[in-house]
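Q: Protein chains in written order, with my numbering: chain A, 7 to 452; chain B, 7 to 452.
No wet-lab data here; the hints were simulated from the structure.
Errors might be hidden in some of the hints.
Intra- or inter-copy, both count: the list cannot distinguish identical chains.
Said to hold, decoys possible - As a list, the in silico SDA-like pairs of lysine to any residue whose alpha-carbon atoms are at most 20 angstroms apart:
#  : residue 1 : residue 2
1  : Lys248    : Val446
2  : Lys248    : Glu270
3  : Lys249    : His291
4  : Lys238    : Ile336
5  : Lys249    : His346
6  : Lys198    : Gly315
7  : Lys159    : Gly35
8  : Lys248    : Asp284
9  : Lys159    : Gly271
10 : Lys248    : Ala289
Number of protein chains: 2
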Amino acid sequence: MIEYRNLRVALLGAGSVGAQVASLLLEHGPELANRAGAGLELVGIAVRDPEAQRTAELPAELFTTDAESLILGADIVIELMGGLEPARTLILQALNSGADVITGNKALLATHGPELFEAAEQVGAQLYYEAAVAGAIPIIRPLRDSLAGDRIKRILGIVNGTTNFILDRMDTVGESLEAALATATELGYAEKPDPSADTEGFDAAQKTAILASLAFHTTVPLDAVYREGITKVTLEEVEAAKKAGYVVKLLAICERLTDADGVEGVSARVYPALVPRDHPLAAVHGAKNAVFIEAEAAGDLMFYGAGAGGIETASAVLGDLVSAARRHVIGGPGVAESTHANLPILPITAVTTRYQITLSVVDAPGVLAEIATLFSEHGVSVEALTQSVQPQSVQPHAIQNSTTPTATLVIGTHEASEAALAATVEALEASDVVSTVTSVLRVEGL
Amino acid sequence: MIEYRNLRVALLGAGSVGAQVASLLLEHGPELANRAGAGLELVGIAVRDPEAQRTAELPAELFTTDAESLILGADIVIELMGGLEPARTLILQALNSGADVITGNKALLATHGPELFEAAEQVGAQLYYEAAVAGAIPIIRPLRDSLAGDRIKRILGIVNGTTNFILDRMDTVGESLEAALATATELGYAEKPDPSADTEGFDAAQKTAILASLAFHTTVPLDAVYREGITKVTLEEVEAAKKAGYVVKLLAICERLTDADGVEGVSARVYPALVPRDHPLAAVHGAKNAVFIEAEAAGDLMFYGAGAGGIETASAVLGDLVSAARRHVIGGPGVAESTHANLPILPITAVTTRYQITLSVVDAPGVLAEIATLFSEHGVSVEALTQSVQPQSVQPHAIQNSTTPTATLVIGTHEASEAALAATVEALEASDVVSTVTSVLRVEGL
Numbered sequence: 007m008i009e010y011r012n013l014r015v016a017l018l019g020a021g022s023v024g025a026q027v028a029s030l031l032l033e034h035g036p037e038l039a040n041r042a043g044a045g046l047e048l049v050g051i052a053v054r055d056p057e058a059q060r061t062a063e064l065p066a067e068l069f070t071t072d073a074e075s076l077i078l079g080a081d082i083v084i085e086l087m088g089g090l091e092p093a094r095t096l097i098l099q100a101l102n103s104g105a106d107v108i109t110g111n112k113a114l115l116a117t118h119g120p121e122l123f124e125a126a127e128q129v130g131a132q133l134y135y136e137a138a139v140a141g142a143i144p145i146i147r148p149l150r151d152s153l154a155g156d157r158i159k160r161i162l163g164i165v166n167g168t169t170n171f172i173l174d175r176m177d178t179v180g181e182s183l184e185a186a187l188a189t190a191t192e193l194g195y196a197e198k199p200d201p202s203a204d205t206e207g208f209d210a211a212q213k214t215a216i217l218a219s220l221a222f223h224t225t226v227p228l229d230a231v232y233r234e235g236i237t238k239v240t241l242e243e244v245e246a247a248k249k250a251g252y253v254v255k256l257l258a259i260c261e262r263l264t265d266a267d268g269v270e271g272v273s274a275r276v277y278p279a280l281v282p283r284d285h286p287l288a289a290v291h292g293a294k295n296a297v298f299i300e301a302e303a304a305g306d307l308m309f310y311g312a313g314a315g316g317i318e319t320a321s322a323v324l325g326d327l328v329s330a331a332r333r334h335v336i337g338g339p340g341v342a343e344s345t346h347a348n349l350p351i352l353p354i355t356a357v358t359t360r361y362q363i364t365l366s367v368v369d370a371p372g373v374l375a376e377i378a379t380l381f382s383e384h385g386v387s388v389e390a391l392t393q394s395v396q397p398q399s400v401q402p403h404a405i406q407n408s409t410t411p412t413a414t415l416v417i418g419t420h421e422a423s424e425a426a427l428a429a430t431v432e433a434l435e436a437s438d439v440v441s442t443v444t445s446v447l448r449v450e451g452l
Numbered sequence: 007m008i009e010y011r012n013l014r015v016a017l018l019g020a021g022s023v024g025a026q027v028a029s030l031l032l033e034h035g036p037e038l039a040n041r042a043g044a045g046l047e048l049v050g051i052a053v054r055d056p057e058a059q060r061t062a063e064l065p066a067e068l069f070t071t072d073a074e075s076l077i078l079g080a081d082i083v084i085e086l087m088g089g090l091e092p093a094r095t096l097i098l099q100a101l102n103s104g105a106d107v108i109t110g111n112k113a114l115l116a117t118h119g120p121e122l123f124e125a126a127e128q129v130g131a132q133l134y135y136e137a138a139v140a141g142a143i144p145i146i147r148p149l150r151d152s153l154a155g156d157r158i159k160r161i162l163g164i165v166n167g168t169t170n171f172i173l174d175r176m177d178t179v180g181e182s183l184e185a186a187l188a189t190a191t192e193l194g195y196a197e198k199p200d201p202s203a204d205t206e207g208f209d210a211a212q213k214t215a216i217l218a219s220l221a222f223h224t225t226v227p228l229d230a231v232y233r234e235g236i237t238k239v240t241l242e243e244v245e246a247a248k249k250a251g252y253v254v255k256l257l258a259i260c261e262r263l264t265d266a267d268g269v270e271g272v273s274a275r276v277y278p279a280l281v282p283r284d285h286p287l288a289a290v291h292g293a294k295n296a297v298f299i300e301a302e303a304a305g306d307l308m309f310y311g312a313g314a315g316g317i318e319t320a321s322a323v324l325g326d327l328v329s330a331a332r333r334h335v336i337g338g339p340g341v342a343e344s345t346h347a348n349l350p351i352l353p354i355t356a357v358t359t360r361y362q363i364t365l366s367v368v369d370a371p372g373v374l375a376e377i378a379t380l381f382s383e384h385g386v387s388v389e390a391l392t393q394s395v396q397p398q399s400v401q402p403h404a405i406q407n408s409t410t411p412t413a414t415l416v417i418g419t420h421e422a423s424e425a426a427l428a429a430t431v432e433a434l435e436a437s438d439v440v441s442t443v444t445s446v447l448r449v450e451g452l
């Protein structure tokens, strides 16, 4: 039996992830000690209410409401309470006292990351955050270390399980957005009563800011992430996408690109997009997450797994804990977060992508030519156009009463700028021959 | 402009990976220095023939034939020459002189890994080997660090691109094994003139030994890896698998299991197996690799990407280089390779899996009952049985001349031991009512 030096571990928060971390740490302590080269003693768990119901049975004597005292004297602090405060203040206290900190707090990192990383660097401590993005999937360490010798071109991530579950239900079962959201709520995937953190893309945007900062060695603030949620996605769009060989996914996109003025920078954005059915991301079903990385040398990589869940995310936290313990055994300062590239953050208007636009138009001679002209006038090049005459019975109500027959046009474009596309859509909406612009979706992953 | 301490990097070998490593290191030097916190100076490249043609243009003055002198005075040595000797001796020399070593040499690690890790630990150096398994895919670091707090249950890996390409051609294009191998050779995926390192599973077995050792903190010697190649896989088997909802993949399997006597240990094995079409591994096409990990806490994870290729694998080597440089900046000893679990290695006979068995049988009353009895007598439980009468025209030659009509039986079993299955197959072959045992394949990924 090897005798190890003991490291004192303080846990802040005992929610679904925290309770599992405590439980696994108590249960697998000796095994983890062997891997870490140091004993890992859980010295206490700071919570608001020690009497609250937990997802794991934990010794009552570990609980305390005094987080500040618990932090003092800890070698490693694990923050899993969530929210901005008091998490931020407690982490700063822990770092300033020389402790390494592990956190799964994506909101905090996306909002106050630079301040926390700076505090860690000042005292030579290290901030670990594998659990903050894509739950159990190892993605921070691969980006930070494994790909440290490469250049990332683009990341396409499915980083929100709730919205992927909803879009997948619409695609595979044919449920409406509302019905799929109800199913997600019932299964505990969506928050009650307000699911907007997921459905409006706020959660994904936080993770996008973290991934983009890491991938491009550049601080990407949360408010620089362009964001659209899934609440406007219709079942008709999902079904049309299916017919056209696509699937609709809410994507977190981090991209290094050069804008029209030749400025090289970083684009970080979240929106629902069409993904080709043969793309590896298309096979990510249910509440699973996946991060697809395009690197200059490595080529295409994908990391797939559970993006949430108490015990799943606890695995990522414990991996960080073993790393932190190994670092303590070796000694020396932590590795500072790298922001050396310091690239400009480009707005959504700098992005060029392909689009798929669905229109309801008057079915009359000359209409196609008029619409084609309208696209070309705005500098948007049409790649493919499919026209189908709508049977009277399924025509939108407003048009049923008119005597003019209508047709549905699906137009796929070549790469176009956001600005050119917006101007095109505006012109389409103003055009006499267009009844409705039914759908405008970006196409990614080509 | 920050002034960094310079680290001296020696490269051994300038084949397809080595040449790309040198080229990227020279081209991206300042960027890597920023990430590593240290300058990375390529001090020389040891090769057999400095005049040989390379896949990248490199300064002639870097080449030397004197590897031993080059190693002296290097902070970091990158070994990409391949083969057991002189690679082993040179790596030992480098480690003993205190240099960190990066290698992509799977044959060497699978054969002499423990000796090399021991040498590194003795002097506090570190041996990095991300490039040795699954090329560009970060898999070593996730297993070693990210999942260090978890318990791996099973790994199913597609770790040989050549055989995956061949099996994928058979499945998607309908080529015979021979034709698919010819295509693979033509495209440079298969070695000329002898492709057996790939097709007989030797390459996959080396990677399996490395993965199993890492995942289970136990030294798994190469000769303890059970191995079957793909050379006996027929197009008929691939097509029958397709109809039944499976795809045939050469799998590297590392599993923690308990044998019939209650001994808990590690099974490491390579064989072609049926994988359900809806399993994430089924979507791994062409020469791509993927490693599917089942962990106790994290659940299912998959890592996907390019398993070979000069520049792709160079990405993994450079990631290790940045890690090694960061370690030099921080100081202190490397993290020793963990073999604390030291589990017994179980033979293939300890494994239980499901099987799919295809038989050509006499089509007569009582035959089904006879075969069912034969399975149950050997303790193998039948899960599903499909019978189809063969049209005379496609009957095997030997049977065409007989007057007895024959039928094809496809039998799927519940989990059975290798021993019970082998005994069942032997009995089937001896049975009067069985013409031929056409195919016996294991089913994995359920």
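Q: With reference to the structure, classify each hint as holding or not holding.
A: To see whether the hints hold, each was checked on the structure:
1. Taking the shortest alpha-carbon separations for Lys248 and Val446, only the intra-copy value of 15 angstroms comes in at or below 20 angstroms, while the best inter-copy value is 38 angstroms.
2. Within a single copy, Lys248 and Glu270 get their C-alpha atoms no closer than 35 angstroms, and across copies no closer than 47 angstroms, so neither meets the 20 angstroms cut-off.
3. Taking the shortest Cα distances, Lys249 and His291 sit within 20 angstroms of each other inside one copy (18 angstroms), while across copies they are farther apart (23 angstroms).
4. Taking the shortest alpha-carbon separations for Lys238 and Ile336, neither the intra-copy value of 52 angstroms nor the inter-copy value of 50 angstroms comes in at or below 20 angstroms.
5. With identical chains, the CA atoms of Lys249 and His346 are never at most 20 angstroms apart, being 45 angstroms at best within one copy and 54 angstroms at best between copies.
6. In the homo-oligomer, the alpha carbons of Lys198 and Gly315 lie at most 20 angstroms apart inside one protomer (16 angstroms), although the nearest pairing across protomers, at 49 angstroms, exceeds that limit.
7. Proximity of Lys159 to Gly35 under the C-alpha cut-off of 20 angstroms is restricted to the inter-copy arrangement: shortest distance 18 angstroms between copies versus 40 angstroms within a copy.
8. Taking the closest pair of Cα atoms, Lys248 and Asp284 come within 20 angstroms of each other both inside a single copy (12 angstroms) and across two copies (18 angstroms).
9. In the homo-oligomer, the alpha carbons of Lys159 and Gly271 lie at most 20 angstroms apart inside one protomer (11 angstroms), although the nearest pairing across protomers, at 42 angstroms, exceeds that limit.
10. In the homo-oligomer, the alpha carbons of Lys248 and Ala289 lie at most 20 angstroms apart both inside one protomer (13 angstroms) and across protomers (18 angstroms), since each shortest distance falls under that limit.
Checked against the numbered hints given earlier, the structure breaks hints 2, 4 and 5 and satisfies all the rest.
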